[in-house]
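Chemist: Residue numbers (this note's numbering), protein chains in the order written: chain A, 1 to 462; chain B, 1 to 268.
What the hints contain is simulated information worked out from the structure, not anything from laboratory work. The beta carbon of each residue, even a glycine, is placed where N, CA and C say it ideally should be. A few of these clues could be false.
Within a straight-line C-alpha distance of at most 27 Å, the following computed BS3-like cross-link-like pairs (lysine-lysine) qualify [as the list claims (entries may be wrong)]: (1) 269(A) / 127(B); (2) 71(A) / 60(A); (3) 266(A) / 12(B).
Computed footprint of chain B on chain A, listed as stretches where at least three residues anywhere in the stretch have a Cβ under 8 Å from a Cβ of chain B [said to hold, decoys possible]: (4) 74-83; (5) 224-233; (6) 312-318; (7) 385-391; (8) 394-404; (9) 443-449.
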Amino acid sequence: MALRQLLSASLAIALVMPAALTALAEESADSLQAQIDRAASGETITIPEGKYEGPIRITKPLKLVADGDVKLTNPSEEAALIIAADDVTLQGITVVDRRINSEDASIIVKGNRNLLEKVTVDTMGTGVQLRGANSNTLHKVFVIGKVKDRGSTSDAGHDHSAHLSKSQSKPKVTVQAQKGNGIDLYDSNDNRLTDNQVTNVFDGIYLEKSSGNQLEQNWVEKSRYGYHLMGTTNTTLKNNTGSENVTGAMLMETSEATVIGNQFLKQQKNPNSQGILLYDVQNSLITDNRIEGNRVGLYLERSTGITVKGNQLALNFVGMQLTSSSQNTWTNNQFISNVIAAQAQDSATDNINGNYWDNLLGLDVDGDHISDLPYEMNPFYLGLTDAVPAYQLFFQSPGFVFLENLFTNGAGSPIRDNSPLMPTSAVLAADAQTTSGWGAGILGLILLLGSCTFIYVGVKKS
Amino acid sequence: MHINLIAKREVKVGFRNPWAYSFMALFSLFSLGLLVIQSQSYMKGYTYTTGTMLNLILYLLPLMTMLLSSFSLTAEKEEGSWQLLSTYAMTTSSFLIGKYVGQALVLIAIVSFGYGISGVAGLLLGKSFAFSTLLFLLVFSICLILLFLGIAMLIGALCRNRWQALTMGVSIWFFYILAWPTLLISLLSFVPYTWIKPLLQIVTFFNPAEFVRVYSVTRLGGGAIFGPEYYKWIYWIDSALGDVCFVALCLLWISATLFIATRAWERR
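Next up, chain B with everything else stripped away, as it sits in the complex:
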């Protein structure tokens, strides 16, 4: 019951936040940009265009999610509303889950608005996304939002104010998105050769951006590009069981981050 109330409040506050609209404007612009890219080229399967689109989304969405949602949590601390809420009989976990659900709805609405605009604009301009592409991008984006929202909750729980959250959000974004291969390649050069592949596979599960990307590329039919090393992996992802496990992995990620966030929040 509390979760429901908190989520409703979160949606309301979320859409009164000017940041939400600036991100919405940014994402709409970005989505229209994708439309322009795609209208010049081919869209079926894993091509230059779809590969570029995935990367552009990977750059923008995790950062947007982490900033917007961690700010919403630190705001509760800074503005003192958590002190007020904590006088009610409500558990931390239901508070954070409520925040999670509310933020997820806000972010999905922002992304839907962006893709919606480019879908309609495409129709009007006569050079549109394919239905399957638009749906694929939407699902890919929602996956990223849900996973990085868990991290955002954790950031929000750990940080005292917006500044800390901003620093931490950008650092995590840089670590997961930009520096990831560089760091791994340099760190793995210290381990024996035969460990590299298993270690790489294990750490990939700890980077939502990477496993969502690998899964998406495979579902686009491009799994073979990861080479013979990952053949069984890719074949397995492409099977029906792969979907189930992907969803399970996502749920595991979200619950793990939320659990840690709850603990961190309670410790404060």
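Just chain A, same shape as in the assembly:
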């Protein structure tokens, strides 16, 4: 314990010393704040190339435009940049913030109709916070989290109750830096977030108690949750990408969300990974998304009135999981080469009709491209592993597949697609993927010749 305190003390000194030296060398930070204070409302300040120091506070409508490479470092314990005004424009600035475990983000926006454009935030905590801020635009904001993963076991837990209370204070005593969120909205409405990129943070874009926000063409990777909606209404997620996060998009206690045309790829390394997770969500729309290579593509729990339409779920370990939900509509989705296409339980009132399942042995007698045999979803695995999670080890074990079939044969699952689509040429074209097989061919030839020679010699030899 004493050693740890000693370490942290020496670390603090090591951090403060160079910062103090540069503060002496450069008076420019002070002058930037002074310049801002002097400027009249509505004025444009061009910041020449160079290094500046925070904290900077903007309290009136201004336009701050970087001329060249403007870098704002932050030796203080406050946020590097606070916008506590309306109609502020901030362009082209790079913020480098090395504070750890701070409640305050590197940039805090508390006003309305502000524009942050081409801003790069290099942070050990949260990148940008919007607090009670409405109708702002964040365009091309890049947030790069600098906290390294401690080990693979961190973030493994997925406890709903734990992140419900996430916005409350975190313990500050630990020296270990905790990741913050990329862009964090709380009580903020009607903001537009477009073309932003977030890497290696806690939650990429986090929205809580906010409504009417639009997220378009953003990109979040290598974080915990890509897009995390907590108690929001009327949020639009359009054409965003989530890649290699624990979960691509996490929608909780949310209603009237529109999730359209997004891509959620490769959320599969963590045992709690999903492409999209919906928990306690009402009356929302999930359409035309590409959900590929995730542990579970689309997971729905305790949700009602969701329309899931025209999504492509491919190459996930489990395409969709559906549990304790009611009155959702699933149609026109394509399930391609998932290890298991769908698992469902306790969701008998869901309308799952007219989807394409590539592992269905369909039969189309009347030629209407709809199979006359239904596609049934098996509740057995979900039920069993719900009771005893340890049995997940039997996932796709040959004996388990056998057992599952024993339990469903003839019984007829209540959760089924009564009119699954037959493969059409369009579907097959998307399905076909040719690999050039020279390597395999040569290996095959070697194996074939080798075994033949071996057999010949083995039999012949006396």
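Chain B: place on chain A using the hints.
Modeler: Just chain B now, with coordinates in the frame of chain A:
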């Protein structure tokens, strides 16, 4: 020296056995079947296709291995050649290890022939396996063969004739491959909840089909599907040490079964 001689003899006898060729035909057909499955779908990582392939191989290969090799041992008893061999100064263990090596070579040749045919056929038809997939399937199959060959030696040592060996082989196959989850789920329902996971982990080490499957799925990148319960396990398997331990586990299995087989053989 004796091991070498026995192995050579085993290879020779093995390839004169019509059973070997019928299994070779079956496996080639099966391997071509896999080619047809895969040409319709995606092959990288753990997908529907690779999952199905693993399961099909798990159904066929252990049974094939156990029948072919245990028959070869009981044949020695039935045809009296063991009585002849036992007049020479040769230990039981070198006899059984020789049989093991010989049978392993025969079975690997059969499997190689099957995959070889589908590799070449894939090239000719223009819809081929990926190189890595073919190699992966080959290694997976060889692992299964080597592990179940140990069990086959044990069956051969315990049984008096082919009929007994057939019954026992099929029973073990049914127990390990088909009935395994069913039996475990029903048996574990009698133990306290907190014991289930540790017990399940321990017994998995006693089923080669299961631990090879878990290892393969993890190496295909699908380890996360086993859930948070096995996170540390899977992470560990995926590390470099995981490979070493997997090989060690396989060697342990093979030597344990061979050791017990030797004891059983000597007791007869």
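Chemist: Take the hints in turn and mark each one as holding or not.
Modeler: How the hints compare with the structure:
1. 269(A) / 127(B): The hint is violated at about 30 Å.
2. 71(A) / 60(A): holds, 22 Å
3. 266(A) / 12(B): violated, 50 Å
4. 74-83: With 0 residues in contact (Cβ-Cβ under 8 Å with chain B), the coverage given for the segment 74-83 of chain A is violated.
5. 224-233: Violated, because only 0 residues of the segment 224-233 of chain A bring their Cβ atoms closer than 8 Å to Cβ atoms of chain B.
6. 312-318: Since 4 is at least three, the answer is holds.
7. 385-391: It holds: at least three residues are needed, and the segment 385-391 of chain A offers 5 whose Cβ sits within less than 8 Å of chain B.
8. 394-404: Contact hint for the segment 394-404 of chain A vs chain B: holds, 10 residues under 8 Å.
9. 443-449: Coverage by chain B holds for the segment 443-449 of chain A (7 residues, Cβ < 8 Å).
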